[in-house]
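**Q** First to last, the protein sequences are chains H and G. Here the first sequence stands for residues 0 to 216, numbered as in numbering that gives the first Met the number 0. Here the second sequence stands for residues 0 to 216, numbered as in numbering that gives the first Met the number 0.
By construction, these hints were calculated from the structure, which means they are not laboratory data. These numbers come from a predicted model, not from an experiment.
If several chains are the same, the list does not tell them apart, and a pair holds so long as it fits within one copy or across any two.
As a list, the in silico EDC-like pairs of lysine to aspartate or glutamate whose alpha-carbon atoms are at most 20 angstroms apart:
id	residue 1	residue 2
1	K142	D116
2	K160	D99
3	K11	E168
4	K160	E95
5	K11	D99
6	K142	E111
These are the residues of each chain, in order.
Number of protein chains: 2
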Amino acid sequence: MDATPRTTLGRKADRGSHDRLAADAILAEALVGHVGLIDATGAPVVLPVAIAPDGDRVLIHGSTGARLFRTLAGGAPACLTVTLLDGLVLARSAFESSMDYRSLVVLGAFIEVVGEDKVRALRVLTDHLTPGRWDALRPMTAKEVAATMVLALPLAEFSVKARTGGTDEPVEDRDWPIWAGQLPVVVGTGTPIREPGVPDDVPGPLAPRALGGPGAL
Amino acid sequence: MDATPRTTLGRKADRGSHDRLAADAILAEALVGHVGLIDATGAPVVLPVAIAPDGDRVLIHGSTGARLFRTLAGGAPACLTVTLLDGLVLARSAFESSMDYRSLVVLGAFIEVVGEDKVRALRVLTDHLTPGRWDALRPMTAKEVAATMVLALPLAEFSVKARTGGTDEPVEDRDWPIWAGQLPVVVGTGTPIREPGVPDDVPGPLAPRALGGPGAL
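In isolation and in its complexed conformation, chain H is listed as follows (with noise of 0.2 angstroms):
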């Protein structure tokens, strides 16, 4: 998509783009992002919510009774951050060392999902964070889904900034004695532990791996 005058990319613009595939590969991979609002003195607040994508949408859900989703609900002006780090670029200086990361910053105001699409999108909500759960769920209450609020933010006006790769340094820098690279950071989940009540013969989630890409948890 194109970019909006809000959009435009400032500084080091060759590492960022509005292309929709890296905003999905992004959101594909994300549990969790930072959502940007003004409360009600007037200063910016950011809070972490989950995520889900949900085609051309993002979604987060929360109580009916939290602050943050009872402003966004409203229509206020927000902005959805979500960042991966990818790894630490260890230069031999600390000017040129930095971070390998891709970051979508979606800008807009969410909308209130009601109605069947409310169930529907808590069902995206919950597979993506817990893949294949929810059909394997104790199903929710109708007091369950009315004390929920799912809320949505078109992925319409947004822009991407990633950097890959490795340290990119002066070549005088190459023979200063330090070892230089990446240093690739993983996310993965480590050994699960078990809810008192589960009986020894129900299968566990599945094995740990590392968080990311289709079908992870």
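Following the hints, complete the assembly by docking chain G onto the known chain H.
**A** Leaving out everything else, chain G in the frame of chain H:
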């Protein structure tokens, strides 16, 4: 410290605190935070930044040419939020499923770090992001220092929120036949990728291990 009207906790206040030790523990582990500010159009915008704790403040750094840094250096109201995802909480229902996390929200305005304190702050940032490297790196040139902006946000007005532990489900859900429990999220480093110019006999960085905790890379 005490809450201010802006940092008084709303819903699930039992998960929150204004405990400086809890804030410090989050900052000791985290490499990335999200800065919120209000852009020229009056809309909130959220961008990821590398962070480091430095006594009673949090440091960030970037190019003097970056719009974000110029705006923040001008004293714009800002919010820095730092989130660590500790685990997925898999209940027998979607409604009770959750995440274990710790998050720190700091409100205020950044102050530019200048003079000798700026070089010291760059050392603090470098040794937080890549422990122990500052002394071994090719020293920063005056030109590099001049091209870098360092900003500090006082740890004055802040709140911490955290969830830990298991599913906390109603008793009547415990017979539902699905695995339930906690799936810890583990962040670590993968196999280092050596820069082409690095000779074989130069030792590599610290062995891959979990990020987080004192001295960890």
